[in-house]
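**Student:** Take the sequences, apply the hints, and build the full model.
Chains A and B, in that order, give the protein sequences. When you read off a place in the first sequence, starting at 1, and then add 302, the result is the number in my numbering. When you read off a place in the second sequence, starting at 1, and then add 302, the result is the number in my numbering.
Just so you know, these hints were derived from the structure itself, not from any lab. Quantities reported herein were computed from a predicted structural model and do not represent experimental measurements. If a hint is listed, it holds; no wrong ones were tucked in.
One copy or two, it doesn't matter: identical chains are merged, so the pair holds either way.
Quick list of in silico lysine to aspartate or glutamate cross-link-like pairs, EDC-like style, CA-CA up to 20 Å:
| # | residue 1 | residue 2 |
| --- | --- | --- |
| 1 | 765 | 585 |
| 2 | 584 | 767 |
| 3 | 462 | 473 |
| 4 | 759 | 330 |
| 5 | 715 | 727 |
| 6 | 755 | 334 |
| 7 | 438 | 403 |
| 8 | 759 | 331 |
| 9 | 663 | 624 |
There are 2 protein chains.
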Amino acid sequence: MSPRTIGVTEVALRDAHQSLMATRMALEDMVDACADIDRAGYWSVECWGGATYDSCIRFLNEDPWQRLRTFRELMPNSRLQMLLRGQNLLGYRHYEDMVVEKFVEKSAENGMDVFRVFDALNDPRNMAHAMAAVKKVGKHAQGTICYTISPLHTTEGYIKLAGQLLDMGAESIALKDMAALLQPQPAYDIVRGIKETYGEDVQINVHCHSTTGVTLVSLMKAIEAGADVVDTAISSMSLGPGHNPTESLVAMLEGTDYTTDLDMDALLRIRDHFAAVRPKYKEFESATLVDTDIFSSQIPGGMLSNMESQLRAQGAGDRIREVMAEVPLVKADAGHPPLVTPSSQIVGTQAVFNVLMGRYKVLTGEFADLMLGYYGECLGERNPEVVEIAHAQTKKEPITERPADLLEPEWDKLVAEASALDGFDGSDTDVLTYAMFPSVAPGFLASRDEGPKNVGKTPEQLKAEATSSSDAGRAVQ
Amino acid sequence: MSPRTIGVTEVALRDAHQSLMATRMALEDMVDACADIDRAGYWSVECWGGATYDSCIRFLNEDPWQRLRTFRELMPNSRLQMLLRGQNLLGYRHYEDMVVEKFVEKSAENGMDVFRVFDALNDPRNMAHAMAAVKKVGKHAQGTICYTISPLHTTEGYIKLAGQLLDMGAESIALKDMAALLQPQPAYDIVRGIKETYGEDVQINVHCHSTTGVTLVSLMKAIEAGADVVDTAISSMSLGPGHNPTESLVAMLEGTDYTTDLDMDALLRIRDHFAAVRPKYKEFESATLVDTDIFSSQIPGGMLSNMESQLRAQGAGDRIREVMAEVPLVKADAGHPPLVTPSSQIVGTQAVFNVLMGRYKVLTGEFADLMLGYYGECLGERNPEVVEIAHAQTKKEPITERPADLLEPEWDKLVAEASALDGFDGSDTDVLTYAMFPSVAPGFLASRDEGPKNVGKTPEQLKAEATSSSDAGRAVQ
Ligand SMILES: [Co+2]
Ligand SMILES: [Co+2]
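**Tutor:** Below, the structure written as structure tokens:
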């Protein structure tokens, strides 16, 4: 029997540099790798998402739509893939449905093929309209399960969610493990459960980070359970808070009942390209190589460092242990949301407030909204006493409907506001840029003509640094 | 059914710092972790070997025997484990049998429990006497398979070698993968094969490096196949050319049919200890995080960098591709030895000579000895034409007997020579230090009274560096 071919999604152009170097990589440092990426044989190439869009206009003076069109042109044979925060699109609030449709339509028009649609709370209602919009333009709608660990999250629950996503028309299911929490056994159980419940031909994509050092094993188990596609990053853009190395995946499967059919020569050229690029962005890299704390603390690394800096800003840097102990309680009161943007920030900041000012003496606006249902529903029930506090503080009523159902049509208003901006070119994509990032877009549109900025070091700077530091010794076995 | 408990060998005190920081860690940077290591529940604690011994006397002015006694005292409940190069002991030549016995006897007396006995060529005759000596003093004799990939190395061959080691009285079998070449499927096949051939109760220990990024999966597969003990390093001393993280192994097995029974609180304290120590030795670290090249080149990273510096020294740095192409040929002519110390250096240097001076125009003395059988037998036949060249060049006869059988008794001579050295204290252990490293021992014995040197940076130096460099940005998902 010939081995089963496992698809691979290469994340170097999006999640890898987002996770490793604060999303700072400029398009010009990617273009020379595109021909090899296009011919390597990936199932898809992830290359666009909220943080890359944000970084383009905030730091790089790059039009994110121009970036997308460039990828489309340079990788004509590849499925381009993006990460979409459901009704939030690439921003931090819910958008009215017509804005969602416009965004998806323009993304498809400019070259996007696969839309991985997720919601931080795993609330299917927040994904439904985006998925429908993707299907309407004839592109691949991938429904996403955000994986987390809590007393309420079970394999059965994830299998049920997969069913809801399939009912909404998902062409594939992504199991998304943003915090590297997915251990081998649950990876196996969830994938197997989905296949056994909904059919072996349901396509399952598995996305893991490598922070805890264990998730390549999880990918192996997911593959043994029937997973169809897995996400990896070329080795020179891998590991730490990033992803498992693509070449290691290839090596892992050699001799087994599975194969990748990737072109190793192309992979090595892609690797060499990014090996030369990565040092340019060293100042944006975290020092974390492996961190298994999250298994006991349940607190992702980025969330922890956020809380630490909030405490330090209040002169209370020594109270981090109290805040860490407070997080599970706040999370439980909120109904056990997965801790991913934005829920991780909302829960973390409230835990800091609780420790500094007394439990729920003051709620942040976002936490009150979370408690009142304005972000959607979680798996667990929210603590009614805290809901009451949120109501009393904000005078807002708790809701049970889909949050976006409360929104008025807003497209015309967005067009009008964008039209008033210096540098606005009249396009729908400029309106969308303004809609996603209203405080950053004006500055970007005004300066766009100056062209892209590269915040990495120049070859000259790197060379000067290299000659001033001695060669590192090489360990010999 | 309760899960099967997998033993763990912690390598932080030996192989981890050997692989990551050129074996430079001083005893004083280890002692504070020993109480936690002792209570963590490891199957054994690897803490001694050739490179640590060498580094102690060459760089650290530390008596390696004193280091061993300190470990014994600080970890009374642990099995201490060492790596022993068979008839080479910790040196680079074959020793006469009585020296082997003396060394093993003194090691046991000073606290060693488990002797992992290996030979670079996998020649059982080079391991037999050391194993017998270990058994004679009532300690654990572990026979080792050095794993490599070649046209001649097969799963069946490794299973057969395991049988030879068991026949020699091995109490356990180590599958040693020094180059991170062991992929998941062969890991499974070899372990399963040994168990099925010689019985399920044959203890198998698996040692992998993490260089290629794939070997935690190999450990998982080895465990599924029945492996009893695996080697890992605490996370803060892991990855890159080192080993898989201990805490990741624990996380990997959660929820499966296997468990480790390690004390996680102790692990976290050990981790924090070495997280504070590791930056002191940063200048000795290699930049390699993951490297899968070895799967195509079959050349370990350390060997490659050796050959590169040899070429550069001859002004021929641009000929590395030719040398890399020459290596498989030289390796085949030598009968396909695994490439590990010292065979990696011997084969690599000859490949350089072949490229620079013409194929086999000049043989190194070591390569001639290898071809004439003075290092023992390999799996493959040696190329008779090259054997003839070696004979012609050196006038030495090819041998087929065990190399150590040619040696005269040498203990009394070693005692006499050591006795003449400044600082010699009259002990057998000093004689052994001289026997292992005759060119380094005199300097060490003469300076021993000055006490240990720490080549790591001081806290003050680290603090000064930290304040002069800006905080690294932390990537946020
Ligand atoms: Co991700
Ligand atoms: Co090793």
